[in-house]
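K.L.:
The chain contents come next:
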Amino acid sequence: MQRARVEVVGAEPVGPYTLLRVARRGLEPGRPGQFFMLEAPGRPLPRPMSLCLAPPRELAFLIDPVGPGTRALASLTAGDELRILGPLGNGYRLGLERPLLVGGGIGVAPLPYLSAALGGPPALLGFRSDWHAEAAALVPAAEIVVEPRLVTEPLAELGPCGYSVLACGPEPMLAAIARLAPSAQLAWEAPMACGYGACYGCAVELRGELKRLCVEGPVLAAEAVAA
Amino acid sequence: MQRARVEVVGAEPVGPYTLLRVARRGLEPGRPGQFFMLEAPGRPLPRPMSLCLAPPRELAFLIDPVGPGTRALASLTAGDELRILGPLGNGYRLGLERPLLVGGGIGVAPLPYLSAALGGPPALLGFRSDWHAEAAALVPAAEIVVEPRLVTEPLAELGPCGYSVLACGPEPMLAAIARLAPSAQLAWEAPMACGYGACYGCAVELRGELKRLCVEGPVLAAEAVAA
Amino acid sequence: MRILNASGCLDAQTAPSIARSLDAFVTKTVTPLPREGNAPPRIAEVSHGMLNSIGLANPGLDRFLSHTLPGLGRLGVPVWVSVGGFAVGDYALLCDRLDEHPEVEAIELNVSCPNVEEVPAGVAEIVAAARGATGKPLYTKLSPASADVSEFARAAQAAGTDGLSLVNTILGLALDERTLRPVLSRRAGGLSGPALKPIALAAVYACYEATGLPIVGMGGISSGRDALEFLAAGASSIALGTILFSDPGAPGRVRSELSAQAEAAGVGDPDNATGLAHGPSPALVQNRQVSPSLSA
Amino acid sequence: MRILNASGCLDAQTAPSIARSLDAFVTKTVTPLPREGNAPPRIAEVSHGMLNSIGLANPGLDRFLSHTLPGLGRLGVPVWVSVGGFAVGDYALLCDRLDEHPEVEAIELNVSCPNVEEVPAGVAEIVAAARGATGKPLYTKLSPASADVSEFARAAQAAGTDGLSLVNTILGLALDERTLRPVLSRRAGGLSGPALKPIALAAVYACYEATGLPIVGMGGISSGRDALEFLAAGASSIALGTILFSDPGAPGRVRSELSAQAEAAGVGDPDNATGLAHGPSPALVQNRQVSPSLSA
Ligand SMILES: Cc1cc2nc3c(=O)[nH]c(=O)nc-3n(C[C@H](O)[C@H](O)[C@H](O)COP(=O)(O)OP(=O)(O)OC[C@H]3O[C@@H](n4cnc5c(N)ncnc54)[C@H](O)[C@@H]3O)c2cc1C
Ligand SMILES: Cc1cc2nc3c(=O)[nH]c(=O)nc-3n(C[C@H](O)[C@H](O)[C@H](O)COP(=O)(O)OP(=O)(O)OC[C@H]3O[C@@H](n4cnc5c(N)ncnc54)[C@H](O)[C@@H]3O)c2cc1C
Ligand SMILES: Cc1cc2nc3c(=O)[nH]c(=O)nc-3n(C[C@H](O)[C@H](O)[C@H](O)COP(=O)(O)O)c2cc1C
Ligand SMILES: Cc1cc2nc3c(=O)[nH]c(=O)nc-3n(C[C@H](O)[C@H](O)[C@H](O)COP(=O)(O)O)c2cc1C
Ligand code: FES
Ligand code: FES
Numbered sequence: 001m002q003r004a005r006v007e008v009v010g011a012e013p014v015g016p017y018t019l020l021r022v023a024r025r026g027l028e029p030g031r032p033g034q035f036f037m038l039e040a041p042g043r044p045l046p047r048p049m050s051l052c053l054a055p056p057r058e059l060a061f062l063i064d065p066v067g068p069g070t071r072a073l074a075s076l077t078a079g080d081e082l083r084i085l086g087p088l089g090n091g092y093r094l095g096l097e098r099p100l101l102v103g104g105g106i107g108v109a110p111l112p113y114l115s116a117a118l119g120g121p122p123a124l125l126g127f128r129s130d131w132h133a134e135a136a137a138l139v140p141a142a143e144i145v146v147e148p149r150l151v152t153e154p155l156a157e158l159g160p161c162g163y164s165v166l167a168c169g170p171e172p173m174l175a176a177i178a179r180l181a182p183s184a185q186l187a188w189e190a191p192m193a194c195g196y197g198a199c200y201g202c203a204v205e206l207r208g209e210l211k212r213l214c215v216e217g218p219v220l221a222a223e224a225v226a227a
Numbered sequence: 001m002q003r004a005r006v007e008v009v010g011a012e013p014v015g016p017y018t019l020l021r022v023a024r025r026g027l028e029p030g031r032p033g034q035f036f037m038l039e040a041p042g043r044p045l046p047r048p049m050s051l052c053l054a055p056p057r058e059l060a061f062l063i064d065p066v067g068p069g070t071r072a073l074a075s076l077t078a079g080d081e082l083r084i085l086g087p088l089g090n091g092y093r094l095g096l097e098r099p100l101l102v103g104g105g106i107g108v109a110p111l112p113y114l115s116a117a118l119g120g121p122p123a124l125l126g127f128r129s130d131w132h133a134e135a136a137a138l139v140p141a142a143e144i145v146v147e148p149r150l151v152t153e154p155l156a157e158l159g160p161c162g163y164s165v166l167a168c169g170p171e172p173m174l175a176a177i178a179r180l181a182p183s184a185q186l187a188w189e190a191p192m193a194c195g196y197g198a199c200y201g202c203a204v205e206l207r208g209e210l211k212r213l214c215v216e217g218p219v220l221a222a223e224a225v226a227a
Numbered sequence: 001m002r003i004l005n006a007s008g009c010l011d012a013q014t015a016p017s018i019a020r021s022l023d024a025f026v027t028k029t030v031t032p033l034p035r036e037g038n039a040p041p042r043i044a045e046v047s048h049g050m051l052n053s054i055g056l057a058n059p060g061l062d063r064f065l066s067h068t069l070p071g072l073g074r075l076g077v078p079v080w081v082s083v084g085g086f087a088v089g090d091y092a093l094l095c096d097r098l099d100e101h102p103e104v105e106a107i108e109l110n111v112s113c114p115n116v117e118e119v120p121a122g123v124a125e126i127v128a129a130a131r132g133a134t135g136k137p138l139y140t141k142l143s144p145a146s147a148d149v150s151e152f153a154r155a156a157q158a159a160g161t162d163g164l165s166l167v168n169t170i171l172g173l174a175l176d177e178r179t180l181r182p183v184l185s186r187r188a189g190g191l192s193g194p195a196l197k198p199i200a201l202a203a204v205y206a207c208y209e210a211t212g213l214p215i216v217g218m219g220g221i222s223s224g225r226d227a228l229e230f231l232a233a234g235a236s237s238i239a240l241g242t243i244l245f246s247d248p249g250a251p252g253r254v255r256s257e258l259s260a261q262a263e264a265a266g267v268g269d270p271d272n273a274t275g276l277a278h279g280p281s282p283a284l285v286q287n288r289q290v291s292p293s294l295s296a
Numbered sequence: 001m002r003i004l005n006a007s008g009c010l011d012a013q014t015a016p017s018i019a020r021s022l023d024a025f026v027t028k029t030v031t032p033l034p035r036e037g038n039a040p041p042r043i044a045e046v047s048h049g050m051l052n053s054i055g056l057a058n059p060g061l062d063r064f065l066s067h068t069l070p071g072l073g074r075l076g077v078p079v080w081v082s083v084g085g086f087a088v089g090d091y092a093l094l095c096d097r098l099d100e101h102p103e104v105e106a107i108e109l110n111v112s113c114p115n116v117e118e119v120p121a122g123v124a125e126i127v128a129a130a131r132g133a134t135g136k137p138l139y140t141k142l143s144p145a146s147a148d149v150s151e152f153a154r155a156a157q158a159a160g161t162d163g164l165s166l167v168n169t170i171l172g173l174a175l176d177e178r179t180l181r182p183v184l185s186r187r188a189g190g191l192s193g194p195a196l197k198p199i200a201l202a203a204v205y206a207c208y209e210a211t212g213l214p215i216v217g218m219g220g221i222s223s224g225r226d227a228l229e230f231l232a233a234g235a236s237s238i239a240l241g242t243i244l245f246s247d248p249g250a251p252g253r254v255r256s257e258l259s260a261q262a263e264a265a266g267v268g269d270p271d272n273a274t275g276l277a278h279g280p281s282p283a284l285v286q287n288r289q290v291s292p293s294l295s296a
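Residue numbers (this note's numbering), protein chains in the order written: chain A, 1 to 227; chain B, 1 to 227; chain C, 1 to 296; chain D, 1 to 296.
Just so you know, not all the hints are guaranteed correct.
To be verified - According to the in silico footprint, chain D covers these stretches of chain C (three or more CB under 8 Å from chain D):
1) 136-146
2) 155-165
3) 179-190
In case anyone wonders, no lab produced these hints; they're calculated from the structure.
Every residue, glycine too, gets a C-beta built ideally from N, C-alpha and C.
Take the sequences, apply the hints, and build the full model.
P.N.:
Now the structure itself:
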């Protein structure tokens, strides 16, 4: 875990999302699925963001403006500075036989960096609308599913055909995947104040016990989750 | 009392002070000695400022950056917007035989507008340093006194020679003038939250009673003050 | 849903047009005898609010009734009179005298002013005494500075209060930038403004749950969004205080922002918002969106 | 003058380097039995701070002593253990067991956690029981949620506390932006961060005046300037809490900012700042600068 004050290099809209690119300033990008805590201008607490892309000398984050913190982050422009901390948590386990990336909505965020690390494996991405689906352009070899259809449908159709699923998305989707693919690696979310184990705010229930998601996760084996 | 959201037209340094010029937007400049409440960016409360000059379509304030609010105001730049309220309080009584303006430090602020209203009467201005004294350029026909000398010295030398003194400055100076020239009109200061009689925070002692300076003043007859 | 001013934050005589922009005007707290209030300085700004140690400066009951009230009666908006004292008898006396005056719509019992040396007797006693002295609606105003404000609310309800005004200020301190000495001559003063909002919201929520009484919510309300949250927490009306100092136009602005916010929240009329934060377990509601609990 | 972390705001096991940047490390409150804490969501942000309803999640005394404390002993910085309970006996037990452990420099008595249903018995009883169980320095941690916190401080002093930790959080509420329901599953949570600062500063000032005890000041400290103000109000050390979440480098930053601020204020060493806000009547000091009183 490292800290730095970094400069915004650029911020481009991607459908409803914003791709925020900041200077690396000696920060390691870390493993796919790991995250960073980004200072949200004007807010008391930083916000957890998965690393989306790691261009040379840059770190890029895909931001869904759902509230004050993400709106503040999405409105940053080139030249602005912010404090950032990371990489944090445990990312995806790599070196898999037949990886399959599955993303839902903003859950696509960690997949571009993950896809690059895995050499562009097949990906299944679900979105609320075609507009949201514009984010799929960040992931090579992606099959896109738009609501009312859900990613879990094509996934179910694939059946138990030896794919290792690496997923990120809304909780109901992850829960469904956990049932379909017990060997899947799932990236979960929880409100986080610190991201490095200090606040105990990100408690999630694992094997019947409350654990800190920023310490045990955010990527967890599907089995661990089975309530 | 009127309210408006006005745009900053310009902000120029005058010695250690800043002359902040804003668009009038239908606000009356009011009488010399009256003041406005200026929204101080990022601060919960506005700050009282005497009108310093009233160029066509503008209102100008001379700001001494003594703390967070005045520093915020002094760092405004052309194009910025702020809420302003006024004119407020009671200004100087005009139509005098032989007016003499006396100012100390930032107390010079209301004098340029007052001088214009009185057709450029003689003025006596005291400052801490030559740098501070640069503000005297805003007042025509001004005799300048720099510390260790105090404005009250030349004033005392003038003796009781029928001048009507109109003064503004630090409390010890005003108190001294009240003794030298009982007929003087003095502009006082107090911390103010509202400027229009709502908060009772600007209480000052007049004839042994606590009164709201924003309602009774800020300009008061010297007699009223005699403790 | 009415928008009032917070007691002590507006003088209808010096700013009648602002008073008329409210649905009801609340006076500064009136005490039996005249009070000059505390020595200045008695206000100070802090980063996210302000402190005051005005100390209930007011003309006293007699002069209030003879000189102030008649003018307020001509304002054209309902008048609430805030009363304060240092003994149970004071409140009884004040309510008894006010009871005769038709201009007075309601009486707010300020049992929580932090700026007077004397501590008022138990809330229940005060409310009971006031109740015995007037048939006018009584709103008991509580401070959030207690381990459990809802206990005070229950006591006030049992003693016959018609409603609650929540909240008054809580003690805070500000040090002078240069001297590091307290800015206020009384050292500490009552904290108001944005910093107070979460505390006030918690008090409104707890007292609504505990009593179901009508509540005038206040504490850092600066926007229509803030107002909507106080209604959702259980307030049936809201009051504006500190915001009036920086924006005298707040009553109109907050009213229109509130309507827009209520629309956006799918509530329709702001009146429908009261108590919305209660009801179905928030935990459940949360789970549908952000649940940090992984038990699907 | 030492810079500590506020209890519950840092885990030395997951962030040892940050713990080592402090002059002493304070543990999250330990209770006799293990506690999972409250159901999530248990943190929420507000405009000028945050709310938490963690609810004293901790491994319990036995596991703390066997698994956590040994590691803390190897940190290289003094260790303070915060203890909490739901009955006087709990505190006696906790202190008695900790007393044997040389790694423990001091014990902080958390008598003010707002997130547990059970209300701890009177502060005096708790302190007396703890005092009887250990010879280690005892710091009693108080909540600002009372009409007069200095009464609690006096009670703690009479019962034998060596110092005070001021302040703990005060209850606040946050509503979800979209649903208008409480964000926290427990509804209300403890407010910390900048919004708490003026309240904390007032508590430190009052308790220093009332007891003269050493005080660890905390509540919204984010800068060296804030730290200096807590020292001036009467603190002899300060603790960093919420600021650690957004700036884990805060201990080093605040330390250097504080030295600069102390220099600028003409105090020299920060140690000389303790209690500066007391002494000559602030009213007088004020008069020399801004006096709003016209009696020259
Ligand atoms: C490890 C991790 C990685 C993340 N990576 C990304 C990312 O790459 N890109 C991205 O856009 N977001 C990401 N998030 C989610 C993001 O951190 C939250 O959306 C953000 O903190 C919300 O803050 P806010 O102030 O904008 O909204 P808040 O005010 O916190 O919430 C606004 C609304 O959104 C809802 N909400 C709150 N938290 C979340 C949440 N975690 N997810 C969904 N809705 C929520 C609330 O119910 C509320 O109604 C990640 C979260 C975690 C834990
Ligand atoms: C009617 C009226 C008219 C005024 N006109 C002007 C003007 O034209 N130009 C101008 O620069 N100022 C003027 N002032 C003073 C100005 O309002 C204050 O300096 C300002 O409010 C201080 O706010 P702050 O946040 O910058 O400093 P604060 O944080 O309020 O104070 C910073 C430091 O300055 C000291 N201080 C506080 N208030 C004052 C004060 N009123 N005067 C001097 N020192 C103070 C404090 O002791 C503190 O140490 C006027 C005041 C009044 C009442
Ligand atoms: C300057 C000032 C004076 C006040 N005077 C009184 C008063 O006389 N009686 C009273 O009950 N409350 C008084 N209050 C408290 C307010 O009525 C209100 O409860 C508190 O300020 C919180 O609301 P706000 O944050 O919107 O200001 C006063 C507050 C301020 C700021
Ligand atoms: C997430 C969180 C957890 C906390 N846990 C504890 C605790 O276990 N014991 C305790 O005495 N105080 C606890 N506190 C209170 C802090 O120690 C501190 O008193 C309070 O946060 C004020 O300081 P701050 O504003 O700098 O955060 C906690 C605070 C936070 C934010
Ligand atoms: S986010 Fe603070 S412990 Fe996980
Ligand atoms: S400044 Fe508010 S009453 Fe004078």
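K.L.:
Which hint numbers does the structure go against, in order from smallest to largest?
P.N.:
Number 2 - this is the single hint that the structure violates.
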